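Taken in sequence, the protein lines are chains W and G. Sequential numbering of the first sequence, starting at 1, is according to the working numbering. Sequential numbering of the second sequence, starting at 1, is according to the working numbering.
Be careful, since some hints might not be right.
[Said to hold, decoys possible] Heads up, simulated DSSO-like pairs for lysine-lysine below, C-alpha to C-alpha not over 30 Å straight-line:
| hint | chain 1 | residue 1 | chain 2 | residue 2 |
| --- | --- | --- | --- | --- |
| 1 | W | Lys57 | G | Lys102 |
| 2 | W | Lys78 | G | Lys42 |
| 3 | W | Lys42 | G | Lys102 |
| 4 | W | Lys42 | G | Lys68 |
| 5 | G | Lys69 | W | Lys42 |
[Claimed, not checked] Okay, the calculated bits of chain W under chain G, using three or more residues with CB under 8 Å as the criterion:
| hint | region |
| --- | --- |
| 6 | 11-21 |
| 7 | 59-68 |
| 8 | 80-86 |
No lab work stands behind these hints, which were simulated from the structure alone. Because the structure is a prediction, the values reported are computed rather than measured. Positions of the beta carbon are idealized from the N, C-alpha and C atoms, including for glycine.
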Amino acid sequence: EPEVTQTPSHQVTQMGQEVILRCVPISNHLYFYWYRQILGQKVEFLVSFYNNEISEKSEIFDDQFSVERPDGSNFTLKIRSTKLEDSAMYFCASERYFGPGTRLLVL
Amino acid sequence: AQSVTQLDSHVSVSEGTPVLLRCNYSSSYSPSLFWYVQHPNKGLQLLLKYTSAATLVKGINGFEAEFKKSETSFHLTKPSAHMSDAAEYFCVVIRNTGTASKLTFGTGTRLQVTL
């Protein structure tokens, strides 16, 4: 069964640093998403992506966040200047299927 | 706006007894509803989905859910719990925007299974 993969599984970074979270969606899917889950809280929608552009974003997805699909396979989430409150598990979704997540810790 | 409410943050059952995880939804139109499971330190796995076909939906690992419009509910059940069912369960409502679908998650129910 095809699956969504995410790298890295864990990332520790210093506040103010840039991070890039990577996802490889399922190859014939068209819609991709990023969600995040702060420890102990609910899973929150960040952004949806279709046809190489953002189709919807939440209020969380401010100017510090960006997404792209640089090579037709990888789907990336970039946080330009990380804040402590960005510490969370970040999930990529390819239509209804979620990846295993990247746990981001900002110190 | 649409939302889901998971009525129990924590449910504890004995192995071999039935499981009931409750979910109520709010939607201005006929919703699509999912249940996801998250095992410790794992990703989100799709358990089952309702998309306006049969109201009783069967999923993986013996779980099923029944869509009841009159009660605005989509409770998850399993006749006999297994230790491996211990996990966090999320009820999810989907909003189709035309070009993409946005999933709105409930707050989750942690299922504990005891011997």
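Here's how the hints hold up against the structure:
Using a Cα cut-off of 30 Å, the hinted pair Lys57 of chain W and Lys102 of chain G holds, with the two alpha carbons roughly 9 Å apart. Using a Cα cut-off of 30 Å, the hinted pair Lys78 of chain W and Lys42 of chain G holds, with the two alpha carbons roughly 22 Å apart. With a C-alpha separation of about 15 Å, the suggested pair Lys42 of chain W and Lys102 of chain G falls inside the 30 Å cut-off, and the hint holds. About 24 Å separates the Cα atoms of Lys42 of chain W and Lys68 of chain G, which keeps this hinted pair within 30 Å; it holds.
As the CA atoms of Lys69 of chain G and Lys42 of chain W are separated by approximately 25 Å, the hinted pair is consistent with the 30 Å bound. Counting residues of the region 11-21 of chain W whose CB falls under 8 Å from any CB of chain G gives 0; the rule of at least 3 is not met. Residues of the region 59-68 of chain W lying with their CB closer than 8 Å to a CB of chain G number 0, which falls below the three-residue condition for coverage. Residues of the region 80-86 of chain W with a Cβ under 8 Å from some Cβ of chain G number 0, which does not satisfy the need for three, so the listed coverage is violated.
Violated hints, listed in ascending order, are 6, 7 and 8; each of the other numbered hints is respected by the structure.
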